[in-house]
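S.K.: One-letter residues, chain by chain:
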Amino acid sequence: MIDYSQILNKNITEVKPSGIRKFFDIAAEMKNVISLSVGEPDFSTPWHVREEGIKSLQDGKTWYSPNRGFTELRTEICKYFKRKFNVNYDQASEVLVTVGGSEAIDLCIRTIISSGDEVLIPQPSFVCYEPMTIMANGKPVIIETKIENSFRLTAEELESHITDKTKLLILPFPNNPTGAVMRKEHLEEIAEIVKKHNIIVLSDEIYSELTYGGEQHISIASIDGMRERTIVVNGFSKSYAMTGWRLGYALGPKPLIDAMTKLHQFAIMSAPTTAQYAAIEALKNGDSDIDKMREQYDIRRRFIVDNFRSMGLDCFEPEGAFYIFPCIKSTGLTSDEFCTQLIKTHQVAVVPGSAFGDCGEGFIRVSYSYSLKHITEALRRIKLFVDELKK
Amino acid sequence: MDRLLQLLSENSEFTNSQLAAMLGITEEEVVNQIEKYRSDGIILGNRALINWDKVPNSGITAIIELKVTPKPDTGFDEIAQKVMMFDEVESVYLMAADAYDLLVMVKGESMHDVAMFVSKRLSTLESVISTATHFLLQRYKDGGVAFDKEDVDRRSLIL
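Which chain is which? The protein sequence lines are W and G, in order. According to the numbering used here, the first sequence holds residues 1 to 391 in order. According to the numbering used here, the second sequence holds residues 392 to 550 in order.
You may find that some hints are simply not true.
Unchecked claim - Think about it this way: if two alpha-carbon atoms lie no more than 16 Å apart in a straight line, the pair counts; the simulated EDC-like pairs of lysine to aspartate or glutamate are: (1) W:K292 with G:D393; (2) W:K79 with W:D314; (3) W:K61 with W:E76; (4) W:K292 with G:D542; (5) G:K532 with G:E401; (6) W:K373 with G:D393; (7) W:K373 with G:D542.
Stated by the list, open to error - Chain G is faced by these chain W residues, among others (derived, beta-carbon under 8 Å): (8) I7; (9) E40; (10) D306.
Stated by the list, open to error - Chain W regions said to be covered by chain G (calculated; three or more residues, Cβ under 8 Å): (11) 200–212; (12) 293–304.
In case anyone wonders, no lab produced these hints; they're calculated from the structure. As the structure is a computational prediction, the values presented were derived from the model and not from experiment. Positions of the beta carbon are idealized from the N, C-alpha and C atoms, including for glycine.
Sequences and hints are given; from them, build the entire structure.
M.R.: This is the structure in structure tokens:
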């Protein structure tokens, strides 16, 4: 008998399985479950974008792309980033097309982090940063963001976690799961600290197109002196509803992108060819698709926040992404208990906030990436559940 | 496009308080706005969206291209007004097309019924030059709504 526990890398043993997974397993076993739990758009990829992917297949364009991605795609990415966020990148040396934003995050952490280096991770946040840091032999240092600061990272919180081993700050805004965003003035404060301590920033801006209330997303790379110390990660999944195409990218200074490309070419070779042809079309002619989808999300966002507040649950007003993060402490239940009971008694799946870090305890993540009809029914059931808890 | 109208065109059953929440305005503003749309003739009514293909003996729909001679003073309006007076006529559109001018949707109990209506009523109208009748076989999408489309969430539960 092989003792597989002796075979596995000790890092992977240390990595905890995703807390979201458990609820999906419960949901999969139950009937009539209505979910507000997924983290991807309910829209299909716009038709004109899908058509370009289909056309590339019909034309027999089924080969590998260059390691960094097609030149036309990299050029369009640079034009897009300049147009939307006012930062210039060189298509030849400062862009890398990846398999989703996730690959770009992994590459960035692995190419920058050596054994023992500390990575600052604000939480609640997307579940991948901590495991990826552990796998790179780095040390995750969690910074808990607070609801009283609108779940933003503050300069004081940042500075108090910096040591002489700190190398990388992960900046996950607009934030999954809280919906928090960092406005220009907040980023400027962070930039000051980062520059003072000579830290690199991995800015995960995958939800950059989904901010509400008129103000657009600001990339930290556009803040004075930050371009040279920032890797921006973005992609097509959330903005163009292209999750299944698996396409993202990293933008940054040439030496960092070169190093990431080295790892990418050995591990992945190149991002999917069909997806790249579709993405070129998305960037060229897809701005209005984003606007339409954003408008729909915004309607749902207001609706769902209003409903949770009417139920008597505190709900932070999210300004980005497509999640709300209501506080359920008043029910007397833990996040885990709340979600387990909700799915078992009223067949609605939401995700406990604790899946996004210990400080997410007392909150739940509710996705509004669903039709209004679907959301209305789910809210009806959640209200019944919450009313019963109050009795 | 006006977001309130957009929402109402998707579902006229939203309550005023739901609409107010979605749009971030007060319920009173919703009520006033809808009242204004009604008085301006923008909102004409609320009707159920019915898939008639599923209703037995619900008749047949034909799309008729009418080529007409416009009148010097009233243009196409006069003949359009005459065509729309018939109960059998569901819709009348003035088109920018090569071969015809008015597109008319007609509902009847049978093909024979429709054929009789076209030949006896429409073709004989003064200023109608010619007609071309097409029968509708199946509706796949109507008024922005796809019919018989399964409402299933195919997204995988991951992470």
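S.K.: Holds or violated: E40 of chain W as interface residue toward chain G, Cβ cutoff 8 Å?
M.R.: E40 of chain W check passes; min Cβ-Cβ to chain G is 6 Å, inside 8 Å.
S.K.: Is the hinted pair K292 of chain W and D542 of chain G satisfied, with a Cα-Cα distance of at most 16 Å?
M.R.: 21 Å, violated
S.K.: With the threshold set at 16 Å, check whether the alpha-carbon distance from K373 of chain W to D393 of chain G stays at or below it.
M.R.: Violated: K373 of chain W and D393 of chain G sit about 20 Å apart, past 16 Å.
S.K.: Please verify that hint: I7 of chain W, Cβ, nearest Cβ of chain G, below 8 Å or not.
M.R.: Since chain G brings no Cβ nearer than about 25 Å to I7 of chain W, farther than 8 Å, the hint is violated.
S.K.: Do the numbers back the hint for D306 of chain W, that is, is its least Cβ distance to chain G under 8 Å?
M.R.: 4 Å, holds
S.K.: Tell me if the straight-line CA distance from K532 of chain G to E401 of chain G falls inside 16 Å.
M.R.: 14 Å, holds
S.K.: Within the segment 293–304 of chain W, is the number of residues with a Cβ closer than 8 Å to a Cβ of chain G three or more?
M.R.: holds (count 5)
S.K.: Are K373 of chain W and D542 of chain G close enough, with their CA atoms no more than 16 Å apart?
M.R.: With a Cα-Cα distance of about 11 Å, the restraint between K373 of chain W and D542 of chain G holds, given a limit of 16 Å.
S.K.: For K61 of chain W and E76 of chain W, compute the direct alpha-carbon distance and say whether it is at most 16 Å.
M.R.: 19 Å, violated
S.K.: Are K292 of chain W and D393 of chain G close enough, with their CA atoms no more than 16 Å apart?
M.R.: Distance of about 13 Å is within 16 Å: holds.
S.K.: Has the segment 200–212 of chain W got at least three residues whose CB is nearer than 8 Å to a CB belonging to chain G?
M.R.: With 0 residues in contact (Cβ-Cβ under 8 Å with chain G), the coverage given for the segment 200–212 of chain W is violated.
S.K.: Checking one constraint from the list: CA of K79 of chain W to CA of D314 of chain W, max 16 Å. Satisfied?
M.R.: 41 Å, violated
Checked against the numbered hints listed earlier, the structure breaks hints 2, 3, 4, 6, 8, 11; every other hint is satisfied.
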